[in-house]
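Fit the two chains together into the complex; they arrive one by one in their own frames, and the hints show the way.
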Amino acid sequence: MKLLFGKWTAIAKESIDRAAIVAKFLCLLHVTNTYIFSPTLVYGPSMLPTLNLTGDVVLSEYVSHRLGKVGPGDVVLIQSPENPRKMITKRVVAMEGEVVSFLVDPSRSDRSRTVVVPKGHVWIQGDNIYASNDSRNFGPIPYGLIQGKVWCRVWPIDGFGSL
Amino acid sequence: MRSTSFLWNVCKSSFTFGLIGLTVSDRVASVVPVRGLSMSPTFNPPNNTSSGLFTDDHVLVEKRCLTDYKFSHGDVVVFCSPRNYKEKQIKRITGMPGDWISVPSSYDAVRIPEGHCWVEGDNPTDSLDSRSFGPIPLGLIRGRATHVLWPPQRVGKIDKKLPRSGLSF
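Protein chains in written order, with my numbering: chain E, 1 to 163; chain G, 164 to 332.
Just chain G, with the same shape it has in the complex (with noise of 0.2 Å):
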């Protein structure tokens, strides 16, 4: 009879946990590892001999700015991949609506519509962004991602340092 009370408060406890949790992280901020090399050096710079769930950064994403999608060049943030919604990516936004974006490869100016932004990953050569699926919608972004919280001596403030290639004004 006592075990089983044990058992319940146990299952109560966490369940609680687990609500307050999942709220804090949807709404507040959450830590999210982060795979692949297309920001590199900003984040997984290349000197690390693997890749795996220890030797990758993991950054601090805050969650507030998703009350008014108050966005700005130079801010890194998580959104969804628009090929697969199931992926998240992180890119930095390099462009918002209005401006004019020239894609080197094609000789032509794209101008940015109402409601989306341009993200490029820092490591030009090796990201998949903007420049292979064009602008995305706002409403894809998913949090702004503002410190690095590993490795340890890397931890600190995300720059807003802006791009250095690309024609945008």
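Extracted from the complex, chain E is given alone in its bound form (with noise of 0.2 Å):
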């Protein structure tokens, strides 16, 4: 009967020394994967040609936006204003104070607009203006929607490289 119990306890012990370890290293891969990078996969036609309709997978830095050195060419990650939890891959365009002056719907008219970028937003566009909904759409964005910026790409290998 206390042989019986010695094992348990054994057993207890050891599983919850497994589980610890699983716990840290779930930690450990939190605080990678949003303060330092991480893989990610992007897709869409929005920032054709530069990424592919079909997905790509990129490494994404978390540290520039953090410390405020994202600027105008930027291919960054942002939650979408539309929808908080979708995340969108777009290019800065321009920051802060800066004017902007960009083709409203360049599919079917030539109309352009001006506009002067207001304090603490940015700029974004994709790089495929005819099929992209960004900034020309739902306005400048809050810098604080930034989440990372893109580094460069990993697969498919042949598009390796940074973006």
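In case anyone wonders, no lab produced these hints; they're calculated from the structure.
Honestly, I wouldn't trust all of these hints.
[What the hints assert, rightly or not] DEER-style ranges, computed between Cβ atoms:
#1 Val266/G - Val104/E: 23 to 31 Å
#2 Ser265/G - Gly73/E: 39 to 47 Å
#3 Ser269/G - Arg108/E: 28 to 36 Å
#4 Lys86/E - Leu312/G: 32 to 40 Å
#5 Leu28/E - Phe296/G: 51 to 59 Å
From the three backbone atoms N, C-alpha and C, an ideal C-beta is built for every residue, glycine too.
So, in structure tokens, the structure goes:
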């Protein structure tokens, strides 16, 4: 009877140790994926020809936007202002205080508008302006919606390299 | 030799503790101090003689709401300021997507777009909120305040009382 009890405590102890290792690993994974870098699958037509339609795996880093080092020309991951659960990938075109001139709907007309980006906001556009729902539709977005900067592509292999 | 292994053990434990603490504060809940009077009398009611770290209210901010962003009227939320991403503000949600809010100063009615919300402080005279910077995207929200943890005489759940002013329907 005593032997059985001893066996159970040994099993319990070992399972707690193993669970602790898994928990620590998951915490490390969370911290790396949120604060350092992580691979991300991006897809959609709005960043053609830079990113493919059917999906690319890119490495995105989460350090620059916290330090304020995101600038025009960077491809960034942002939370969509229309649906906070959706992440979209676009390029930063202008920072706060800058003036942006853009074609409102290039597939239909030549009309262009000029806007000043307000304080604390950025103007984002997809590289494929014919098929991109971006700041031309929903306006400049607050800098706080930027989640990370795209660093380089890792899949498909033949597209490997920084963007 | 023994002191370096002791130091190494201390480093490993503090690193592990830091990782676990950071994950818990990002995913579960964290405690934040509330500065300023924009949410009086809910937080920092006006009988404090001085405001410092020990006299500010501290609230429990839960992060589980960030998985599906299901907020409702009356929730007190912490969000990044749309004017300056480094600042975090705490205000109450008084309008959800689709609501019409009347801004008293301009006889205008603003419709809250999809994915945005209207935030106001409980103390309208001393609050920089959506009446100045407009509706904010829900993506800026960083957590929902559920309980007051300090000072001890006001420990308790935060009510979801609805605002008394502003036409929202």
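Verification of the supplied hints:
no. : hint                            : in the structure
1   : Val266/G - Val104/E: 23 to 31 Å : 27 Å, holds
2   : Ser265/G - Gly73/E: 39 to 47 Å  : 41 Å, holds
3   : Ser269/G - Arg108/E: 28 to 36 Å : 33 Å, holds
4   : Lys86/E - Leu312/G: 32 to 40 Å  : 34 Å, holds
5   : Leu28/E - Phe296/G: 51 to 59 Å  : 37 Å, violated
When the structure is compared with the earlier hints, a violation turns up for hint 5 alone.
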